[in-house]
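The sequence shown runs -21 to -1, 1 to 210 under mature numbering (1 follows the signal peptide of the UniProt record, and there is no 0).
Derived by calculation from the structure, the hints in this document are not laboratory data. Even glycine gets a Cβ: it sits at the ideal position worked out from N, Cα and C. A couple of the hints might just be wrong.
Claimed, not checked - Distance ranges between label pairs, derived from CB positions: (1) 52 x 148: 21 to 31 Å; (2) 70 x 25: 49 to 59 Å; (3) 42 x 2: 34 to 44 Å.
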Amino acid sequence: MRTILAAAALLALAAFAPAKAEDAKPFTDAKIIDLVTILPPPPAKDSDKTKAELAEILTLQVERTPEMVAHAKADDEETVWRFAGELFGPKFDKDKLPKFSAFFDRVVETEAAVVDPAKKILDRPRPHMVSDIVKPVVKLSNSGAYPSGHTTLGTLMGIVLADMVPEKRAEIMARAWDYGHSRLVAGIHYPSDIEMGRISGSVIAATILRQDDFKAEFAPAKTELRAALGY
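Sequences are here, hints too, so could you generate the full structure?
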């Protein structure tokens, strides 16, 4: 009997345990949002557009300061905690925001589910794969550059967070813009990758904001965040 009761108790605890990040389910995917049919094709590797963008990257590579490099390296982390930690301060604590945390795990997975398949099809080589003069300051990636996944996620997180805390909408969206710019500073993306990432993030946000499952998790996550921040 004790064994049965113990097993029942463990099952009950498991039912109420917060989902792990790796278990997070995206709100949508590439079957619903096909970026290949939405975005224009990327500039060809030997096009004038790509050559001009490489020149812009190399100019920034010379001009970037140690502070800019440090910021770009830190922004290599794809989480809402990196994205908004400086905006919201010490009250923005993952351990105290379980509903918000689980909700944004799904937001992060959504970006990957939509963008990664498009990157494989569009298959734009990264700047350092086209020119060995380009020296990225973040971990090298040979996945498709177009659109920028970091920028897509930053835009998506910005739009969702701004709906949760409209009092800081301007600061949040400025941070979303900056998060994408970090990829250019880092030398890992072209300017047009960043531009298309901002479009992609906006398209994803416009789609999932209308979904019932999104709304059902957004409301308690918003309430929890606003209470923690004192709004």
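Taking 21 to 31 Å as the stated bounds, is the beta-carbon spacing between residue 52 and residue 148 within them? holds, 27 Å
Has the hinted range 34 to 44 Å been met by the Cβ atoms of residue 42 and residue 2? holds, 43 Å
Outcome for the supplied range 49 to 59 Å, where the beta carbon pair is residue 70 and residue 25: holds, 51 Å
The structure fails none of the hints (numbered hints given earlier).
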